[in-house]
Structures are given as structure tokens and as C-alpha cells.
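Peer 1: Chain by chain, the residues:
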Amino acid sequence: MTTQTASRYTAEYSKIETTLPGGSLPWLRALRSDALKQFSGCGFPSLREEEWRYTNVSGIEKNLFEPRLEPSDNQIDKDWLENYRLADCWQIVLVDGYYSAEFSVLAGLPENVTIKSLKESLEAGDGQIEPYLGKAVGIDEHSFVAFNTAWFTDGAYIRIPAKTVLDKPVQLLHVVTDPNRLAATRNLVIAESMAQAQVIETYVGVDQAYLSAAVTEVFVEPNADLTMIKLQCESEKAYHFGGTYVKQARDARFNHHNFAFGSLLARSDIHSDLSHGSECHLNGLYLGVKRQHLDNHTRINHLEPYGISRELYKGVLDGRARGVFQGRVVVAEDAQKTDSEMNNRNLLLSNDAEADTKPQLEIYADDVKCAHGVTVGQLDEKSVFYLQSRCVDEETARNMLTFAFANEMVTKITQKSLHDLVLAEVLKRFPQQGIMQDWL
Amino acid sequence: MSASAKEIEQLIGKEYKQGFVTELETDTFPPGLDEEVIHKLWKIKNEPEFMLEYRLKAFRHWQTMKSPEWAFVKFEPIDYQAVSYYSAPKRKEDGPKSLDEVDPQILEAYKKLGIPLDEQERLAGVAVDAVFDSVSVATTFKSKLKEAGVIFCPISEALREYPELVQQYLGSVVPTGDNYFAALNSAVFTDGSFVYIPKGVRCPMELSTYFRINAANTGQFERTLIIADEGSHVSYLEGCTAPMRDENQLHAAVVELIALENAEIKYSTVQNWYPGDKEGKGGIYNFVTKRADCRGDNSKVSWTQVETGSAITWKYPSCVLTGNNSIGEFYSVALTNNYQQADTGTKMIHIGKNTRSTIISKGISAGHAQNTYRGLVKVLKGAENARNYTQCDSLLVGDKCGAHTFPYVEVKQPSAQVEHEATTSKISEDQLFFCQQRGLSAEDAVSMIVNGFCKEVFKELPMEFAVEAQALLGLSLEGSVG
Numbered sequence: 041m042t043t044q045t046a047s048r049y050t051a052e053y054s055k056i057e058t059t060l061p062g063g064s065l066p067w068l069r070a071l072r073s074d075a076l077k078q079f080s081g082c083g084f085p086s087l088r089e090e091e092w093r094y095t096n097v098s099g100i101e102k103n104l105f106e107p108r109l110e111p112s113d114n115q116i117d118k119d120w121l122e123n124y125r126l127a128d129c130w131q132i133v134l135v136d137g138y139y140s141a142e143f144s145v146l147a148g149l150p151e152n153v154t155i156k157s158l159k160e161s162l163e164a165g166d167g168q169i170e171p172y173l174g175k176a177v178g179i180d181e182h183s184f185v186a187f188n189t190a191w192f193t194d195g196a197y198i199r200i201p202a203k204t205v206l207d208k209p210v211q212l213l214h215v216v217t218d219p220n221r222l223a224a225t226r227n228l229v230i231a232e233s234m235a236q237a238q239v240i241e242t243y244v245g246v247d248q249a250y251l252s253a254a255v256t257e258v259f260v261e262p263n264a265d266l267t268m269i270k271l272q273c274e275s276e277k278a279y280h281f282g283g284t285y286v287k288q289a290r291d292a293r294f295n296h297h298n299f300a301f302g303s304l305l306a307r308s309d310i311h312s313d314l315s316h317g318s319e320c321h322l323n324g325l326y327l328g329v330k331r332q333h334l335d336n337h338t339r340i341n342h343l344e345p346y347g348i349s350r351e352l353y354k355g356v357l358d359g360r361a362r363g364v365f366q367g368r369v370v371v372a373e374d375a376q377k378t379d380s381e382m383n384n385r386n387l388l389l390s391n392d393a394e395a396d397t398k399p400q401l402e403i404y405a406d407d408v409k410c411a412h413g414v415t416v417g418q419l420d421e422k423s424v425f426y427l428q429s430r431c432v433d434e435e436t437a438r439n440m441l442t443f444a445f446a447n448e449m450v451t452k453i454t455q456k457s458l459h460d461l462v463l464a465e466v467l468k469r470f471p472q473q474g475i476m477q478d479w480l
Numbered sequence: 004m005s006a007s008a009k010e011i012e013q014l015i016g017k018e019y020k021q022g023f024v025t026e027l028e029t030d031t032f033p034p035g036l037d038e039e040v041i042h043k044l045w046k047i048k049n050e051p052e053f054m055l056e057y058r059l060k061a062f063r064h065w066q067t068m069k070s071p072e073w074a075f076v077k078f079e080p081i082d083y084q085a086v087s088y089y090s091a092p093k094r095k096e097d098g099p100k101s102l103d104e105v106d107p108q109i110l111e112a113y114k115k116l117g118i119p120l121d122e123q124e125r126l127a128g129v130a131v132d133a134v135f136d137s138v139s140v141a142t143t144f145k146s147k148l149k150e151a152g153v154i155f156c157p158i159s160e161a162l163r164e165y166p167e168l169v170q171q172y173l174g175s176v177v178p179t180g181d182n183y184f185a186a187l188n189s190a191v192f193t194d195g196s197f198v199y200i201p202k203g204v205r206c207p208m209e210l211s212t213y214f215r216i217n218a219a220n221t222g223q224f225e226r227t228l229i230i231a232d233e234g235s236h237v238s239y240l241e242g243c244t245a246p247m248r249d250e251n252q253l254h255a256a257v258v259e260l261i262a263l264e265n266a267e268i269k270y271s272t273v274q275n276w277y278p279g280d281k282e283g284k285g286g287i288y289n290f291v292t293k294r295a296d297c298r299g300d301n302s303k304v305s306w307t308q309v310e311t312g313s314a315i316t317w318k319y320p321s322c323v324l325t326g327n328n329s330i331g332e333f334y335s336v337a338l339t340n341n342y343q344q345a346d347t348g349t350k351m352i353h354i355g356k357n358t359r360s361t362i363i364s365k366g367i368s369a370g371h372a373q374n375t376y377r378g379l380v381k382v383l384k385g386a387e388n389a390r391n392y393t394q395c396d397s398l399l400v401g402d403k404c405g406a407h408t409f410p411y412v413e414v415k416q417p418s419a420q421v422e423h424e425a426t427t428s429k430i431s432e433d434q435l436f437f438c439q440q441r442g443l444s445a446e447d448a449v450s451m452i453v454n455g456f457c458k459e460v461f462k463e464l465p466m467e468f469a470v471e472a473q474a475l476l477g478l479s480l481e482g483s484v485g
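Those sequence lines, one after another, are chains L and B. In this text, residue positions in the first sequence follow this note's numbering: the first is 41, and each later residue adds one. In this text, residue positions in the second sequence follow this note's numbering: the first is 4, and each later residue adds one.
In isolation and in its complexed conformation, chain L is listed as follows (with noise of 0.2 Å):
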């Protein structure tokens, strides 16, 4: 029973409601109570969801994973962790749902841009935060936005300032250390007008089961440029749920890249507001193995005319692994000249894996141009028998198409330090890494 999990962690917000960032604050308490009320009304989602229908998350809540009370004092291995760390970037980490100063690499930050914990920033009593927490995806979404808003401890608080471009990345990095245990984070990151930057999340975590539930709120002012880059590499026994929800004010651009690699069960939500003339490009590519389980869903929303989008989702399934993609681009009454593209591909390489995919169209203006596209399949045979006839054999040529397949979303990113540890990861979880790499 949903309700019950419910109230298994209602009753033990108590505990935890007076150590949250913002207790002083009457409009954040007025919100969590909200969010509290939501959550424990309808738990976490069912199957009996549309949003939710291929997505089962029982197995978070068979567990009760406990949220930390206090910055987290575990010994990190920091050798494994520098294998996440991007070196030509500026470096905000949370462990266990807190901001680490000891692991943060802030130094030298330009004085008019903000980085730094969204906890410090409440506490500090920052005006600058309450217009925009909570605006860009309301509780009423789904239940873990509730869960999230109700629980977060800490978070990222990004803002780049009118006309500036960010000289370097921002990497934000997630970090679990404990088994059990639950890291509620809610970022902000705002671009205010004319700016420029490159936001990029990751998530890591020990081998063990944890729950990281993460909101991150975008707010992409006129003109402005942000590119988003989410590296999902958790551990694969691991849950977790990450929803980006954007709102792009008049002609701002938003690029988001998406990779799901880890996890046992991941739900990603990413779902962009588009004004007059906004341009919108998501791309991802999650490759699920074991039993994996890899959710991906996006909403497009076309508010205004002339906006544009683009989408594409790639995915690799092996092993008992399942895919899921659910897009949606909903093209209001008033969107006229919208241009929407929306594609997603599916590679099956077992009998066990499973493709489900969901694109939609919802539109109301008669002025556009959309279109949508899904395939599942295999590796094309003229392919695999082209390499063969070129004295490639056939194992390894299905695997330099597999690999092709999925390289084609890596290509898109241009910072070198990330595109190296993007495709490490992907030749990390194909069988034969060895073989791929003689072909680079």
C-alpha cells in the first residue's frame, strides 16, 4: 500500500522537520507543510498512474531510507571520487544531501556569480530565493516533487548574473556514502538575462542501496544560454529520482544531455516551459543492464509562438534490463509557428530486455509543425554484414555498431574533461570494453 509507506515516513518527519534549512522562514514552512500534506495523501506513485505505468517503484518502498540530520562525517575514498571529479571546473558537492566545503572547489569564483549551498543561502535569509523555490514545479506534479519539497535538506544555489558567461563549468556533484540512506536535495539554478553558462550534475554513490530523490529548478531568463549536462552514475543497487524542471522566459535556450547509466531503478523527469521564440534541445541515452530499471521522461510545453524544440532519446538494453521513454510536447492554443521534433530509438540486445516507449503529441495551435518518431529494433543486418565482408567479424562488429548507436549522443558534448568520463562510463558497461576500445 502506497498510503502506508506514506505514513511509515510521515511519522518520522517529526525527527527531522526542525534540523531542514528555512524552519524560519514562514513562506518555506507554509510550502514544506503543503508538500507534507500532498505526500502523505497520496504516497509514492502507483502503477495505476499514467505517468507512472511502466514504472514500479515498490522496491523504494519496501525500504525506509533515513535522511541524514546532520552533515555527514563518513571517510569519502577519494580516489574513487576524483574519478568523477572534473578538473577544469568549478565544484560544488553534496554528501548525503549536504553541502561539503572540504570537497567544493569555489576558489577564485567571479564575486558576481553564486554557487553555493542553498541551506547556508536560506539560513543567511537571501529574498532572492523565495520568488523563484517552488516556481518552476509545483507539489502537485507528482508525489516525489512533494516528497522532495517536504524533505530536502540542502541543495546547489546557482546564479549566474545579466550578461555574464561563466568562464568555466559548474559541476555539481551528488554523493551518497551510507546504506539506508535518503539524499532530498532541491538546486536552483537561475540564468538571469544574456548570461551564459554550463551546468553539469552527477550522481554517485556507494555500492549499496540509497534513495536519492533530487529537484532541481531552472530558470533560464530572455536571451539567456544554459546548457545542462546530468551524469547519472549511480551505484546499481541504488534509487533514484532526479526531475529538472525548467522555465525559459522570451528566446532563452536550453540544452539538456541526459545519460542514465546507473542505478537499480531510475526515474528522471526533465520538463521545459517555452516561451515566445525558446529554444529547447534535450538529448539522452540511457543503457540499462542486469535489472536495470531506466525511466526517462520529458514534457515539452510550447506556451508561445515561435518556439522550438528538439529531442532525441537513444537507448541500449541488455541483460533483464527495461527502457522506458515517455515524451510529451503539448503545443497550447496560442503557439502558433511552433517547430517540434521529437525522436526516440531503442536497441534490444537480449531476449530478456524490454523497450517501452510513449511519445505524445498534444497540440491545440493549427499553425505548427511537429512530428514525432520511435523505433525498437536491432542492429541493422546490411550493416553487421558490410563490417563482416570487410574482414570484421561478426561479434565485433555488432558491437562497434552497438557502440556507434550509442556514441552518437556522447559526441554532443563538447567539454573534453566531461566527454572522457561520459565514455568511460559507456565502455565500462558494454561486454566486450576491450574490443571497443581498440577501434578508437
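If you're looking for bench data, these hints aren't it; they were derived computationally from the structure. Note that beta-carbon positions come from the ideal geometry of N, C-alpha and C, so glycine has one too. Mixed in with the good hints, there may be bad ones.
If you want a taste of the chain L side facing chain B, the calculated C-beta under 7 Å gives, among others [said to hold, decoys possible]:
#1 Ile403
#2 Tyr404
#3 Ala411
No farther apart than 30 Å at their CA atoms in a straight line, the calculated lysine-lysine pairs in the DSSO-like style are these [as the list claims (entries may be wrong)]:
#4 B:Lys458 x L:Lys377
#5 L:Lys330 x B:Lys384
#6 B:Lys384 x L:Lys102
#7 L:Lys330 x L:Lys102
#8 B:Lys384 x L:Lys422
#9 B:Lys69 x L:Lys77
#10 B:Lys403 x L:Lys409
Since chain L is already given, all that's left is putting chain B on it; use the hints.
Peer 2: Coordinates of chain B only, in the frame set by chain L:
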């Protein structure tokens, strides 16, 4: 908007020609539904014992169910107790043995609809079963079909004359508890057509059923069952109309098709129930469950539908591809205008090896209408080398309507190949200009472009229907050039 815009608008607003009422003396049950009504129904239809149980089981199950809410349509809840579940033209004794005994007023009504039941008339290649409210009033060419061994009769007659055959297949594709409306239909269905094509027989003519709702405050619940035995072939057509009324009327039908080894069934529908007036008042609620089971190897079922009527259309003709190498096809044109709502599409369930399915869906939305394609392609684990191709195109006419595409693809077999494509666009100014510049009126140009848009589907229709469908499309679009 251009000048042509206004003309398209005019083009969409033509009147519903089939909206007349035939004055007849009828036997009608008082409104209401309980077990007693079902008993009465069973008795009046003189059905075999097993049917009572079947109906009651369905009814009891229906009572535990809730009206589904997932579809992209909006309507006031239906009061099922306010509907009359049986209405039939009064008849003397046993019912007509030949056409001479059919009430001349009914014959007149069908004549007005362009369906002359008189066997000598021009539709001479097609056998027609005419269903008027709750009963079948006439079936033509019965004797000629009998020569070929084909059974084509009202289902109530089949229940009396071939009870074993009906019992074997009834509900085997759409079980009584399948969904809310199918359960209701199983409990209260009154008539419909029954077709059995014996082994190796190619049905010598097209079979057709014409459904007509006439009485007020009644629901029409018909049931069609078509069985194509091994190696047989049949083409079946279905047409429907209803009078113009301010109240909404319910039509909840169930169609079951069974194709055994090497058999082929082609099922075509031209649905033109009363769509309601310009303000969205009145019209038929068309909630239909249609499903085909390609039970035998190498069997094939092809659905073709042209949906222009009904206030709300809610139907998903589906194919369960059980047999190896079986083929399912779905060709659809759904046109909605004014305040019509359509949520339609198909389900292709691939179970057997090397099964193939094709889905071509064309949606046209005008006025304030909402048109939704909703489809499922499911490939089960055993369906090696399954293949699906889906194409859904939507055309928007005017800026107040909506067109939506909700496909579901679920694949559990790596050797399967599934493709889905969808586009949404409007009639381009360039195309219109091009046609007009060559001397066509805007009205003709729109009609031509729309017909071209639907051509892939129309070419699947039997001759007589294709002509009717094209004319119907022009008619329904009238007044919507935008």
C-alpha cells in the same frame, strides 16, 4: 486569415442529411436496467439457456466496474437507468420471412438512407443486414449465401438456429468483463450480425450491416460476430446513422472477429452517427469495442474505418496476432468538426512468430473538435521477427481544435522491429494557392487536399464505400475552411 479561410469554414457546416425520424409503432422497454430487464430481454429474444447466464454474469460484473476516465474526451456522466434497453418496431407474430412483410415505413427509411433493401436494386453485389434500433429487420440475399454455405443472419437468429456455434465463439475475443462498455453490451445486447464462412469458402459477395438508431431515449447495443474458418475469405461493411436530437444517445457495440488458419477478414466501417449540432448539442456517444483474433497461422485481419459522425467516438479496433505469420492491419480516417471528440486508434498484440502489423491513421480536426490517436503496439517475448509500422498524421483546420497522438510501444523481443512516425500540420497556404491558381475554388482545393491526405486509407475501402466516404468527408468538412 485569407479569403480561403472563410470558405473552408463554410465547407465544414453542411447539414446532417440522415437526421430524419421514422414514425413507427414500437415495442419499447421502459427506461431502467436491472436483472429483471435482462430476464425480459432474454425471454423476448427467445434465446437459449446459456445466454441468460452469460448476460447475468456480464451484468453483475458491470455493476462492480467504473466508467473509464482515461480517454481524452469530456462528457457528462451517463445515467444508465434513464436509457431504454429495448426498442423494436412492432411486428406481427414471428417477424418478416421475406421483404414483403417488412414494414413499408422501414423500407422507406432505408431507401432514404440510400440503402435499398430491395434485392433487385443497384446494390446487387452486397448482402445487407439492416438493424433498426434493437432488432434486425431484414437480411437480403440470404438464400444465395446459403448456397455457398455462408451463414449471414441476425445474431438473435443465430442464437436460436446455431446455438453451439455461437456459444463456442461468443465472448472468446472480447470477454464479458473486458471493459465497462463491453460488459454492458454483453449484458444487454439486442441484435447484430452473425457471419460464419465455412472452410475454404470465398464469400461470393460483400456482406454489409446497416445500423440505424430511430427511437428516442434508447441505447443501441449491437453485437457482431464474424468467424472465418480455415482458408476462407470475407469482406464485411458496416454503416450507421441516427436522427438529429438534442439529447445524447448511447451506442455501445461489441464486434468480435475470429480468423482461423489461412483465413482473411476485411472489416470496413463508415461511421456517420449524428454528430450533434454546431454548438455541440446532442449526438451519439459511440463507445465501441472491436477486436479481432488472428487465431490461426497465416491469417489476416484488416480494419478500415472512416469515422465522421458521433459526438464522441471512443473505439480501438484491435488485432491479437496469435497465429504465426498472421497479419493485422488498421487503416483509419477520423474526422471531427464543431464540438466532436474522437479518441480512437488500435491495439496490435504480437504473440505469434513473424507476425506483421501496419497502422495508418489520419486524423482531421476542425472547428472546436478534439481528435486523438491512441494506439498500442505490444510485442510479447515469443513473437520473434515481429514487425510493425505505424504512421499517424494529423491535419488541423482552424485554430480552435486539437489533435493529439498518444502511441504506446512495448517490446519484449529483440528481433522485433517497431517503427512509429507521426506528424501534425495544417493545410498549407502554398498548397491552397497552387490549386486556386490553377482555377479550383478554395472549397474544391480543400476537399482535394483532404482527400489526398486520406488516400492511403480510402484505397483500402471497397468501391461502393470509397465513393461514399469521399463524399462524406466533403460533407463533414463543410464550413470549416480555415
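Peer 1: Taking the hints in turn, state whether each one holds.
Peer 2: Verification of the hints:
| no. | hint | verdict |
| --- | --- | --- |
| 1 | Ile403 | holds (5 Å) |
| 2 | Tyr404 | holds (5 Å) |
| 3 | Ala411 | holds (5 Å) |
| 4 | B:Lys458 x L:Lys377 | holds (27 Å) |
| 5 | L:Lys330 x B:Lys384 | holds (17 Å) |
| 6 | B:Lys384 x L:Lys102 | holds (29 Å) |
| 7 | L:Lys330 x L:Lys102 | holds (21 Å) |
| 8 | B:Lys384 x L:Lys422 | holds (24 Å) |
| 9 | B:Lys69 x L:Lys77 | holds (28 Å) |
| 10 | B:Lys403 x L:Lys409 | holds (16 Å) |
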